[in-house]
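Using the hints, build the complex out of the two chains.
These are the residues of each chain, in order.
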Amino acid sequence: MDGNPLSDGYFQWGNYGANLGTPNPVEQLMVADNKSNVKRVIGNIQFNYKIPFIPELRANLNLATDYTESTGHNNRPTTSPSRITSPLWGRLSDYNGKNYNDLLDFYLNYTKGISQIKSRIDATAGYSWQHFKREGDSYTRGIVDAAHPYQKTDSSTFITENYLVSFFGRLNYTFSDRYLLTLTVREDGSSRFAKGNQWGLFPSAAFAWKIKEESFMKNVKAVSDLKLRLGWGVTGQQDIGNDYPAQAKYRSSSPGNYYPIGGVFLPTLRPDAYDPDIKWEETTTQNIGLDFGFMDDRISGSIDVYNRVTDNLLNTVTIPSGSNFSNTLLTNVGSLENKGAEFSLNLIPISQKDMSLNIGFNVTYNVNKITKLLTSDDPDYIGILYGDAFTGQKQVTRVGYPAYSYFLNKQVYDANGSPIEGMYVDLSGKGGTVNGDNADKYIYKNPVADVLLGFSARFAYKNFDLAASTRASIGNYVYNQVAAGASYDQMWANGYWHNQATYLSDTKFVKRQFTSDYFVDNASFFKLDNLSAGYNFDNLFDKMSARISFTVQNVLTITNYKGIDPEVAGGIDNNFYPRPRTFMLGISLSY
Amino acid sequence: MNKNKIIFGILLSTLMMTSCVKDLDVKPQDPNTIMAGNLGDDPVYMKQTLGKIYASFILSGQGSNGGDDITASDGNFFTTSRALWNVQEITTDEAICAWGDVGIADLNTQTWSAQNPFLTALYQRLSLSITYANDFIKFTNGNTDPAVVQYNAEARFLRALAYSYSMDLFGNPPFTTDADGVGKFYPKQIERAKLFNYIVSELKSIESKLGEPRFSYPQADKASAWMLLARVYLNAQVYTGTAKWDSCKIYADKVIGSGKYSLATNYRQNFSADNGKTNPEMIFALEQDGVNTQGYVGTTFIIESSSDAVYIRAEDFHGLTSNTNWNGNRARKQFMNVLVDTIATYGNVPVPANDPLFAKSKDKRVFLKMKKSMDIPSASSSGDYGIGVYKFTAKNTDGTQAANYNPAFASTDFPIFRYADAFLMRAEASYRLGNIANAVADINVIRTRAYGNATGNITAAQLNDKFLLDERGREFYYEAQRRTDLVRFGQFTDGTYKWQWKGGTFNGAATSKHLNIFPIPGDEVSANPNIKQNPGY
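Chains as they are written, first to last, in numbering that gives the first Met the number 0: chain Y, 0 to 590; chain C, 0 to 536.
No lab work stands behind these hints: they were computed from the structure. Worth double-checking, as some hints may not be accurate.
Said to hold, decoys possible - These stretches of chain C come out as covered by chain Y in the derived footprint (C-beta under 8 Å, 3 or more residues):
no.: 1; stretch: 20-26
no.: 2; stretch: 41-48
no.: 3; stretch: 59-70
no.: 4; stretch: 127-134
no.: 5; stretch: 288-299
no.: 6; stretch: 388-397
no.: 7; stretch: 522-530
Said to hold, decoys possible - Just some of the chain C residues that point at chain Y, by a computed CB distance under 10 Å:
no.: 8; residue: Gly36
no.: 9; residue: Ser112
no.: 10; residue: Gln218
Unchecked claim - Now the stretches of chain Y that chain C is said to cover, found in silico as 3 or more residues with beta-carbon under 8 Å:
no.: 11; stretch: 155-164
no.: 12; stretch: 188-202
no.: 13; stretch: 241-249
no.: 14; stretch: 267-276
no.: 15; stretch: 326-336
no.: 16; stretch: 502-514
Just so it is clear, CB atoms sit at the ideal spot from N, CA and C, and this is done for glycine as well.
Chain C on its own, in the form it takes in the complex (with noise of 0.2 Å):
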């Protein structure tokens, strides 16, 4: 009896001990979990890891159910669209922000470091896109499904895309492929030429594959692959030495040829929260819905930042009530004369105190509002000083409410290529080439309709390097562009064009050649053996 006892506990036992062991073997019962392994299990899955891809350029992350896709001090600070916009505007003449977070006036003067949180969060997340895409790249690599060759094709595009802003930013970063796994390892890096060859294959070698333009915007297709082509043959020059001119123009003309797109008549549809699927002139945006698409990026940032109590009140201008006007970022007195152009317009005198609006000039583009005074009396001073920018805004074009409308949130798309941008590609292109003639042709497409007629059209003889930077910059302001255009024009750092507080005084002047690229974040440099930090740094 005793003995029939004690062999029955141990048949228990080690049938408990067995059964506990095997519960080591746990898997995620969590709803908003899926195992890599059941990935394939409902169709829905992949166009969803797709859009994550797209996302992880404009929001943080996953919100309450799974927090932000990097670790940061803050998630909406140190998004990509933020930190794009900081490090290729706040660092020109087109803006300046007030605010005295760490790592914004370094930004304002030039005099970065290693150690800036905006260049670090930004080069790990679009390295993090990358990673994104190479695994959906590879996950989806072989499937013949035609709408999973198409998705395949879109998630090249967004590596392409990640790979040339790091490539203009900071020159060599760490190169991933679908080939490479993941885990903990030590990518190595590329040189900026060979990147450059890179990207130009991937763009060539999906541009078959991927969707007739305008088939399902906001997601990219064959039109934003030939903007992105233009664009980095705009800037061979500066990639590898080398100028591809007559490459720019091809991709620029197959734009142009498509005949699916036309300039907004309204050249404020852009920047308005009806400037995505309706608006003729999108060619690839990032989507953000006041419903859907929430965070204070983008260009709830780019309003809000650019807003304050007093002047440029968001709730008046831009139809946000919540959270707003943060006082921030605001242009400097020489890309007023830029934009405005005050001689022409208001003679030689200063600007009249009674047209605070710019109602004078007759470029259409000028979304601008006079502050306390147009000098910015220090580095970081006030957001009240300087000259307000409202150029974005989250209302419809007509003034009107956005569909999906929240108020702390814009409905605006964040514009990455616009239709405008290829006849300005493709004009400075053939004025490289020395088609004189065309570039005033594509020029005046734009000019005519910045000024409603063709009374702001040029001649062959006012065409120089200056007009087309200036040119550029009065069509896209606040988009995240400047820099790179600088730098083509040889005028970001140590060229002859000085703004208030470049190198850190209120004239401007001169920096080192070495910050055209940025330093490769400190933190990567520790944490990767195969990675140099770039020269001067």
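If we strip away everything but chain Y, and leave its shape as in the complex, we get (with noise of 0.2 Å):
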């Protein structure tokens, strides 16, 4: 209690411990002002031309625009706990932004039906201009009054800009209703790479046979569908993040990061690091896939085999000291696999007047692994590790594994399975402290699930209907930082006792260990997400028509994981609320 009436009781959860903790929910609600004004404008406006003398020609002009422009204020008071507000005393903060999105687009196509060879030809070709535009300032300060009278101003301002242009083709080309050919190519400039470097060409092809058209197939009336495709492209990646990446240029620094030169304060320019020779990144796919159906379709489904090779990926990895402004660069370098399948299969069981059941199923399949990472060929090279200082760097990508995979010290357990607290495995053999040196960490398990399982059921009799859908993800871990962040030195600090997670029951940690893979978990789940029922009340009135319905979202989950939730996105469960369960009544009306 700090006598303060608005924060009486509620304000001792302060948000200490750096990235650790989760937001105060109360402080949130009850004392952030947090508005924002968003203005938007999305215009839209398409000229579609026949040509008159070639019937078969068309012209297509797209013009499309989306602006969007907001102003708001996140502050806090001087009474805040919060954090963020830290080194001041309550805050305000001012923000204004602008988004420009425009788009240019012109295509001409040619269709044409050629009887006698029993072809058609569909072939387009045009050009694509987008533009990306954002800017906007941001003013921070803390509130200054009589017990506050030194506060801390930061302001800054920002513009940035891309352009896409882009030329393409595509040729479709259909034999006899059954075999189909689609050829396309693609010259995609982007303004983030230098001259030289702007352009890529794109091409693909895509072959697909309809089986079941051919004369020994059409008879064959189990069959309803069979069709098997092929296909070969390339695509480009550009999307970095970064506008100019490949441009030398200076950043002046903003206040309270100023040096004396003469004696004045004066902003710094610093140069920025910057990769002259940054190109496009490749991505190559192969697949493979058939799309079947049985019994007048009855039983349908498909199934797809595909290879994915990324290369020149773009990466931000660490460079040699001395070459280049900082101590990593976004350029290109490494590749990367991706190996998958997918199998989908949709059931129609009942199929009547009055009753109908429909059930679909599918599983999808997919490992990836980092195949190269670094311009230079060290088989010793650690990898990207990712962290903070406070907590330890836990996970890596590495040459051989899968992205993003933790990498944490090997716990050593007592004659009852409980940790031992800042106990590891030396794994590098060579003695001294092994607790959160990188040289005796290992890869251990990695966020992504191997298998994905979807199932979804939908049963209608007369006007009444039922539907679920159901998920299970099979062999994604999680790092439970809610449990690594519990320990016994935790309970009292900053003057005041904290809640500490139930997990240190389990750990009995005094410190807290954030290295150790005790916290890395099975968290493989099957979940029911949504459970539906409706009824429909035909011609209620005259012409009226009614539903009512009833649903309920996150119904039950399945898991062995310890914590709140199995599905951690990135791997690192910072979480303490549950997923809300939520119950929905609906009442349509139409006429």
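Right, dumping it as structure tokens:
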């Protein structure tokens, strides 16, 4: 209790512990004043012109714009315990932003059927122009009053834009309604790259064979659909979050980051790291697939197998010291391989006038592996580490392993199977401090599931219907940072008592042990996401019909994971709040 | 009619395509960004790019306009000022840090590896300061404007300073000069002895081009170069195998002979908010200012990491009231005995509990406070154990509030070269050259200031290796010099001097000699095939 009527009893949950804590929800609800005003204009105009003397030729011009303007503030009073205001008392923060997205798209399309040779041609050629621009500013300062006369102010502005220009062509050729060939080629230009590297050429080819249409299949009644697909294509990636990675430029510092030259404090000018040779990342995909249907499509589905290789991977990597203006550089480095298979099946066991049942099932399997990461090929390269100074580096992207694999110390357990605080296997064999040292860590599991399963069903009887959808994820692992953040020495800190997560009674750790693999759990799960029932009233009055429905979302989760929710984006679980279970009653009327 | 329409359409499309393609040559419009080609447009840009080289030693980066200079898991943690302080202090008897952050415990116990994040960041940041300097030197080479010639020399001084740290800490760093470009290449490694020669020749070559002593604090001047020359010569035997005591003395003489400096009457002024421009003793320091040069770095870090909520409250001791009392660093018991000389002060009995601030000590350089116990029960135990240090403060020497006061950031500059060092370096050189009388005289200049009178002065009979090393500890503790001094006196690793938790044991143990040089970071060895790891790692 700090004597403040607004905060008494609520703000003992201060946002201490750096990046670990979940923000105080009462504080966020009661004292945060976070408002923004957004105006948005979306415009789209399309011209479609049929060339009079060539009826098969059509011209299309599409112009679109999307403009957003926002102004707002995010303020906290001086009583706020929030860490975000530190080292301020209270905070006043104003911001403005403008977002422009403009598009121009022009193409010619030529379609012609040539019945003499059982062929059909559909050809398109055109170009598109896109402009993305963002600009904005912010001004943040503390609330100056008698008790706090000294406050920090911070302001910043930014403008950033990029252009994408593409020339493209596509040819669809259909022979005999059975053989389909699609060829495309794109020449994409991005302003993000330096002259000479701006353009990338991306071809693709796809072939489909409608086997069912063949004479030998026509009479096979049991098979209602059968189609084989083959594809190969190259795509380009330039969406790297930095609009000027290739340009040599200097950046001015914001207030509070000045240095005196000639006795006057001046903003400093820093050369930014840049790669004049940066270019498009290229992904080559090969896939083979089969679509099938049996018994009038009462059983249908598809199987796909793919191999995707990404080269010239755009990544921020550690570079040799002294070679550029930072320790890391956004550049083309490395290769990545994804292999996988997808299978889907749709069943219609009941299809009658008054009653129907649809069942859908799908399974996907994917493995990813980094095959190259550095400009030099050092087999001992530790990889790109993720984490922070307070909780340690716990994930790594390394050659030969899946991206974002956990990178931790191997916990030593006592005779009862309880973890021994701070004791880890000396994997390097070098002795010394094992705790937290990267040389003693090992790669243990990763956050991505090996297999994803989906299952859904819909049943209808007369006016009544019932639907459910479920999912399962197998082989996804989670690092439970809520558990890792609990320790006895955290119970009393900064002058008051803190609640600790109940995991503490398992670990009994006096100090937090963030780099222990003890906190990585198998988070495979089965979830019943959605369950709904509805009833339709026809011809209620005269011409009116109505539907009443009841839906439950997040119905059920079955998992061995001890945290609140096994679905954790990125794999580091900081979550204190359960996912809400939602009950919805819906009534809709229509005339 | 239709034909005309089509022709018009084709013309329009061609025009659009051409202009669209030209759009790809985009230039940044951000007002905070200046293209490399426009650097010559305004003379102030030159001062600002020079300012950046200085700032790169102390601050984390450009603030909200451009973020940190390096990619690291924390901006402030991994600045040069903080990482340098850590690797020079908590690896020694002077300090031990209580925090559990990765890499701290390894430094405390001399069990670091090539993966240590502080070593990695320091290595990368020193190289980055050199790269910034190379860029500036290249840009200003050939410019005959006297002001620019001087800026160019300052940048060369800063490059030599960064190289001197790399040479001292890592031995054999990558070597680039203004002749190298920027992009993707593998810099060559340079041997320690060759780097020594390069640093010396650079400093001698810029000596005449730098400003006169104190021409514009905190910019580097002639005396800064003399001090750096004296310091590298002082350690020449470590770097090259050949001692250069005479050369060390020559440059210490130049500083003292310049007549531009004097010792601050009050030793504490060197560690107070008014330790810069108005301090006659400060030769070169990194500027810190509560308003203009902010960050949890440099002296703010030293002050806050050494404060705690019970024994040394930053609010009371230092006038810092925001985000205070990080409770990390404190001194080890063995260093207390060096500084306080407890046997002389208290006799052969434990220091009485009613004198936690060592008030009986006659040496006025003692800014220590007893905590829960003088012994530190484990290498990473709470900051409440050990000997608290409050030498640096955010207040003025007289206890008043600093100009440009800020409750979170000290305005106390981070000292690199103090005038006192010229005396102690010259004393050591004279002692090694056999001129004991001169050595004693220089030491007594420092002792007289420390005691306020001649009662602390020593005689030639009292002077020996141990006394010199101890006296440097007493004068320069917590100023990021200790490791270098211990290495030079052969006591950092395998010597006879052991302190609590050295080598990971309570009573301290000798460690392997290869630890006198830090490892090249694993990140660097992986990224640059030209770089060989240091022996023993």
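Numbered hints the structure breaks, given as an ascending list: When the structure is compared with the hints, only number 6 turns out to be violated.
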